[in-house]
Amino acid sequence: MLTLSVLAVAVALIPLAYLAIRTAEAGGARIAEELLTARVAALAANTLALAAVVTSACLVLGVGSAFLLVRTDLPGRRVFAVLAVLPLAVPTYIAAFAWVSAVDGFEGFWAAALVLTLCSYPYVLLPTAAALAGADPAQEEVSRSLGHNGWHTFTRVTLRQIRPAIAGGGLLVALYVLSDFGAASILRADTFTRAIFLAFDLGFDRTGALVLSTVLVALTVLILTGESATRRRGARYARLSGTRRPPSRAALGGARLPAAAALLAVAVLALGVTAYSLARRMAEGVSRPGTWPDVLAAAGNSLLLALAGTALTMLLALPLGVLNARVPGRLSATLERLSYLSHALPGVVIGLSLVFFGINVAFPLYQTTWLLALAYAALFLPLGVAAVATATAQAPPVLEEVARSLGRGPLGVLGTVTLPLTLPGIGAGAALVFLTCMKELPATLLLRPTGVDTLATELWSNTAVAAYAGAAPYAVLLVLLSSVPTWLLAARTGILSKEVQR
Amino acid sequence: MSRLELRGLARRYGSVAALDGVDLTVPSGTLTAVLGPSGCGKTTLLRCVAGFERIDAGEITVDRRVVAGPAAHTPPQRRQIVIVPQEGALFPHLSVRENVGYGLSRAERRGGRIDEALSLVGLAGYGDRMPHQMSGGQQQRVAVARAMAPRPSLILLDEPFSALDAGLRAELRHDVRAALRADRATGILVTHDQGEALSTADQIAVMREGVIVQSGSPTDIYHRPADAWVAAFVGDAILLSAQDEPGHHGDPAVLRTALGPVVVTELPPGDGALTVLVRPEQIRITTPPAPQAVIATVVGDDFHGHDALVTLSLSDGTQVTARVTAPVEPMIIGDKVGVQVEGSGLAWRDRPGVG
Numbered sequence: 021m022l023t024l025s026v027l028a029v030a031v032a033l034i035p036l037a038y039l040a041i042r043t044a045e046a047g048g049a050r051i052a053e054e055l056l057t058a059r060v061a062a063l064a065a066n067t068l069a070l071a072a073v074v075t076s077a078c079l080v081l082g083v084g085s086a087f088l089l090v091r092t093d094l095p096g097r098r099v100f101a102v103l104a105v106l107p108l109a110v111p112t113y114i115a116a117f118a119w120v121s122a123v124d125g126f127e128g129f130w131a132a133a134l135v136l137t138l139c140s141y142p143y144v145l146l147p148t149a150a151a152l153a154g155a156d157p158a159q160e161e162v163s164r165s166l167g168h169n170g171w172h173t174f175t176r177v178t179l180r181q182i183r184p185a186i187a188g189g190g191l192l193v194a195l196y197v198l199s200d201f202g203a204a205s206i207l208r209a210d211t212f213t214r215a216i217f218l219a220f221d222l223g224f225d226r227t228g229a230l231v232l233s234t235v236l237v238a239l240t241v242l243i244l245t246g247e248s249a250t251r252r253r254g255a256r257y258a259r260l261s262g263t264r265r266p267p268s269r270a271a272l273g274g275a276r277l278p279a280a281a282a283l284l285a286v287a288v289l290a291l292g293v294t295a296y297s298l299a300r301r302m303a304e305g306v307s308r309p310g311t312w313p314d315v316l317a318a319a320g321n322s323l324l325l326a327l328a329g330t331a332l333t334m335l336l337a338l339p340l341g342v343l344n345a346r347v348p349g350r351l352s353a354t355l356e357r358l359s360y361l362s363h364a365l366p367g368v369v370i371g372l373s374l375v376f377f378g379i380n381v382a383f384p385l386y387q388t389t390w391l392l393a394l395a396y397a398a399l400f401l402p403l404g405v406a407a408v409a410t411a412t413a414q415a416p417p418v419l420e421e422v423a424r425s426l427g428r429g430p431l432g433v434l435g436t437v438t439l440p441l442t443l444p445g446i447g448a449g450a451a452l453v454f455l456t457c458m459k460e461l462p463a464t465l466l467l468r469p470t471g472v473d474t475l476a477t478e479l480w481s482n483t484a485v486a487a488y489a490g491a492a493p494y495a496v497l498l499v500l501l502s503s504v505p506t507w508l509l510a511a512r513t514g515i516l517s518k519e520v521q522r
Numbered sequence: 005m006s007r008l009e010l011r012g013l014a015r016r017y018g019s020v021a022a023l024d025g026v027d028l029t030v031p032s033g034t035l036t037a038v039l040g041p042s043g044c045g046k047t048t049l050l051r052c053v054a055g056f057e058r059i060d061a062g063e064i065t066v067d068r069r070v071v072a073g074p075a076a077h078t079p080p081q082r083r084q085i086v087i088v089p090q091e092g093a094l095f096p097h098l099s100v101r102e103n104v105g106y107g108l109s110r111a112e113r114r115g116g117r118i119d120e121a122l123s124l125v126g127l128a129g130y131g132d133r134m135p136h137q138m139s140g141g142q143q144q145r146v147a148v149a150r151a152m153a154p155r156p157s158l159i160l161l162d163e164p165f166s167a168l169d170a171g172l173r174a175e176l177r178h179d180v181r182a183a184l185r186a187d188r189a190t191g192i193l194v195t196h197d198q199g200e201a202l203s204t205a206d207q208i209a210v211m212r213e214g215v216i217v218q219s220g221s222p223t224d225i226y227h228r229p230a231d232a233w234v235a236a237f238v239g240d241a242i243l244l245s246a247q248d249e250p251g252h253h254g255d256p257a258v259l260r261t262a263l264g265p266v267v268v269t270e271l272p273p274g275d276g277a278l279t280v281l282v283r284p285e286q287i288r289i290t291t292p293p294a295p296q297a298v299i300a301t302v303v304g305d306d307f308h309g310h311d312a313l314v315t316l317s318l319s320d321g322t323q324v325t326a327r328v329t330a331p332v333e334p335m336i337i338g339d340k341v342g343v344q345v346e347g348s349g350l351a352w353r354d355r356p357g358v359g
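Chains as they are written, first to last, in the numbering used here: chain A, 21 to 522; chain X, 5 to 359.
In short, the hints are calculated from the structure, not lab data.
A few chain A residues facing chain X, derived, Cβ under 10 Å:
#1 414
#2 416
#3 418
#4 421
#5 422
#6 430
#7 441
On a predicted model such as this, the values are computed, not experimentally measured, just so you know. Every residue gets a Cβ at the ideal spot worked out from N, C-alpha and C, and that includes glycine.
Extracted from the complex, chain X is given alone in its bound form (with noise of 0.2 Å):
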């Protein structure tokens, strides 16, 4: 219940900045996915926050209170901010109930928390069980109540359903995510996974090579990437050139493609080579093809029962993928078919700014 402030954090190894100026807020109550691909600094990120690693520079408050800073480091007891790594980490040596009951105090232990952490994460009457005695899964959730359990100002969840098997990581994310809310709980999600990110978070931070390149909620970070690096790492991307056609310029603009006119919401300034994002549920595939349909050649399908990815060649040789939804017949290898951009893209220009 409580709102972390991070500003101007930088963290440097040698002569590697692991962090490198990161501002990011995340408000109370709130969970937040810091989304990075491995060695972006998240980790580091993470860390920090706790208190095990030093900052170099900036900032970092918890309710406006500064834990740390360029004159000021608090120690990660005595920050209120819980950690729950990767492997959950329980103490093997204790049960259940005292793995969440080891941040309480005693008359917290007695208060009947313990219980109480351990049924918001589906585990009521599991109490006197060694960790040695629990599944993967299970151990995960007794780490998640023991971090729960003393209502920190923050909880940093490093990663936590990646050594999980899939079917398993989707429901314990769920009841993870629920658990917090039930709790009003801050929380971090570390995670390099995308669809992870999506769909636990309220907000996400994408981070790469120690920097926040965006942050925002899910919806805003997969339809308006601020960037087409951001687009092609949260989400499939079609990135294509594409040319602007004379008079009609405007909002919205419409552009020229190999995949056909696409719509753009806003044309960017300048006269920098342009590059178009278009998201592969976008293309409209159509048999025998529609007559202002651009003709592609289908080369593949890879066919997963709710959906089926197409990759088709373009005329000009480019390879595109299509998102076909509850999909019917298998779609012929080398079959010709029409396809067209539904919705509107995204424009980026080479030199942004210019002219």
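Bound-form chain A, shown alone (with noise of 0.2 Å):
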């Protein structure tokens, strides 16, 4: 099991280790050429504000409509809480389309930044929710009963109760926006995602994206040590043990309805805009004659891709699943990091050291629909691991101890007690896997065999030369496969719940 998952680790970790081989051959001087330039200072300046504004930009909303919908008495709770997590169901390069094809001259940094922020307030919304949803109420009556008022109590206790969850929600967005492409690109904002892929797409400057993508690695490693520590720190908030208690909501008062138009103001623009743009588009797109053919080809090839990605990714995951859920310690806990590395990096810069890797040193591979799976399962390793490894905590050894002492020979256990109990966790998650890929732009269109064109290969296609209509129906299917995952991953938070659950 140990060999096993050394062995995926060592294959997720294949375009990392390429990357630093590839960018130490190009020698100092050379780096240093590339890298002193006033292009790239300005691309980091670029990437960092764009990463700053839209890490505010979404705390503020985050933390804010989470209040709102755990902490309060708003109404129509519910339908918010649907509509604030649907964002996560939009790709960003579809809304980044939506926009650009609703709005004309809808470019540059902070049409960026404003699609960024729609997109992915919700990674601040959820966690936070969920942890003002949990805390324990009782510690903000004990304030309450040290004579402290309602405000002083939230920031005092509530606050600083939730801090871990709003610092990784917020650490979330900032990796997030250093690793978008799709909507960068779109919308023509000046970011090393996209200078990564002009540089190589255009042909003439290897080195260049190379060093481009190392610069972006740097940034991506610094962020994640940030949120690691974080989350060490978060470890000390956890919960005492005690009844639990659904939390007191605060009555609003007179400004019930001027905070619910607030996040109906802020649910029209990341989804009324869209499904305007879509459903108009959508019309004209569908009366033109060829597109279902081209429809149809495109989702083909995107299945297959996706599941030769999946068949990968869950094979790579199962050792390392099982390995962090049966025998926890500092070694699978080091694996497990490691392999959110890759997870956490661009995928753009993933394709790219894919690409050279496949050129010079896995050449039969190059082109192929394995060198695109081994890149899908390099990013998406982690949601395999932790489908897996919450399955295989289903079966814990003592069951199948008891089974044995009952009679039942390895096989028979495993046929009677752990595979009942494990597949439906391994399923879900090879579902999850499975619909991540569908919708995974950059390392596509990179890496997918000569000729074969994706969903979202197609999307990008058609939005770069301005046809809209064309892409439209792309778009739609996207958003309604990706709105699966989104929905499970709400679920588990518990903010579909009508109450807190006991």
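Combine the two chains into a complex, taking the hints into account.
So, in structure tokens, the structure goes:
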């Protein structure tokens, strides 16, 4: 199990390792020459500014709406809860496409900032809402009984209880902005991901693309380190054991309707524009001849590529997940951390690194489904590992021991106990990986076999030449596909439940 | 309905000896409690008997059939030894009926054994429930029924009542004991709770640091503990240093202690320092002090309804606890009372066997 796990992590780290090797090969002088330019400085400033703006905006939007949804008597809370989660179902490149096709001249830094904020504020909202719902109301009551008013209690007790959740969500958004390729490139915002893709796509600057990728990796690692630091600090905020009580809700009074109107406005911006624009372009798109065969072919390709990616990902995830659940410890935790490393990297970097890996090292794989499957596995391995680990925890070893002591051999135990308990969870994980592969854009663009177009790449190439009507059917299909894992995610945080479960 | 024998059982983890030569016989149809503090090796012992751990030395036999030894290791599924883990560990995807029938053949499942096992643990009619629809105590009952159903050679209970609250625990303990007796099952109960061991087992094996330090009937262990450690671990113990009074040798001897003269049935030979064991219920308090009684000061009184534990300070500063049954009036802190030891104590020497 350990050997297989190490092997799985090694496979997932191929892109990162190869990137390091290639960059090192380029030599210090060449790197310095590429790195120390006004262009790189401008890119770095732009990317970091975008990350900062989007993260701050998401924190305000996410924490504000989470508080309104979980801790107040806001009218229509359930509807707003659903509306607040739905943006996750819209890949950023589709939101970008929707805005660009609805508003003329919608491009640049602030356009990208708006779209990214509206798409990613649920990353803050979901953990914050979960933390607010789970925070112990007794601590707030103690604060009130010690003579602090509501505002003091909120800032001194409640906010501190949920700070790890807020920080985690914020860093997730920052990571996401760094790695975003679709929205930045459709909206022509000058970021690292877009610059890397252009440098490579225009064909004459491979070293430049590699060096830029390395800078992006360094930024990512920096943010990841910050994230793990807050997570460690967050461990101290564990709830004391005791009976669970739902938190008390504050009465909004006269502010009820304005608060609802504000949430409605955010929802209209985040979803309404996309829905309106998709519906309008869809109507134009389907009326044109020859659309459906293309859409079907692209859907078929997406399906096959995603299947291959899922198969490889789950194959690698199985030993890692079982190891994590059964032999928890420093080693398995390290392996899990390592598998997260490529997950946090931008898809465009993984894709690019594997392109060079394919050309220089594994040429038989280049331009085949399997190299792309490897990219998917590197990107989405943690999703599979988490699912396998959770599923394995459903069948603890003690159950297998009981079964054996009752006279069943190892195969009998596997068939009657282990598999029935773990298969549903592993299946759900595989479905999640599958859907995530379907909507992946940058690595697919870089690695797909020649002439193979998927839903995501068709959408991208149609948008690139402003064929908005042609892009619409792909966009609609992708949104439908993406809404499934979003629903699962939201259901797991419990934000969709009517009241906090006891 | 089988006899289990362990001879010289040893199991090491690196340099730590979890089991260091364990000898134990469990007679057919009885329940033996393996009693020890956490970390004494009792769970390792259980896992070795079940077959989940290999032994490094020694031999395990069931009805003279060797299931584990120097050259043999029967896998768990062929030992006919069934475990009942701490949390019951019912199969969550199977109904109660399917859980109980898990270890049975198809013919046995049809033969009514499932219902029989369920009614033995007082859950007749619960067969169609799912485990999550039952309380913790009911789940434990199902786990016991599941273990009894195939009539195994041996049932291993691994602290099966420790997760339940006190009232439920006593009731379940009683019912499980009755069910095992009715089925004439042979069992080992691993526990760190001396009350549980004393009240349920036919035989108690006290374990410490990988060795069984004493085994015997509950009354034996309580009244004739092998050493001071066992005495303190099983029940409340008052251990007093003692001097033998010249002229009172022979059986029974009388020793001088801070609690006054204590009769011991047997005086250990040698000249090492003497320690005497007295149980709290042997101390009789008299107010006002009886003529020959030792004078003590009351420093604490814990009232429990059926009895009270009175803490007394003796003239030399020693504190002892006396159990007063059916107390009517509370003791007054600071009062001077008289204390006497009733019945006989048990004496040990620091260096036994010398001289």
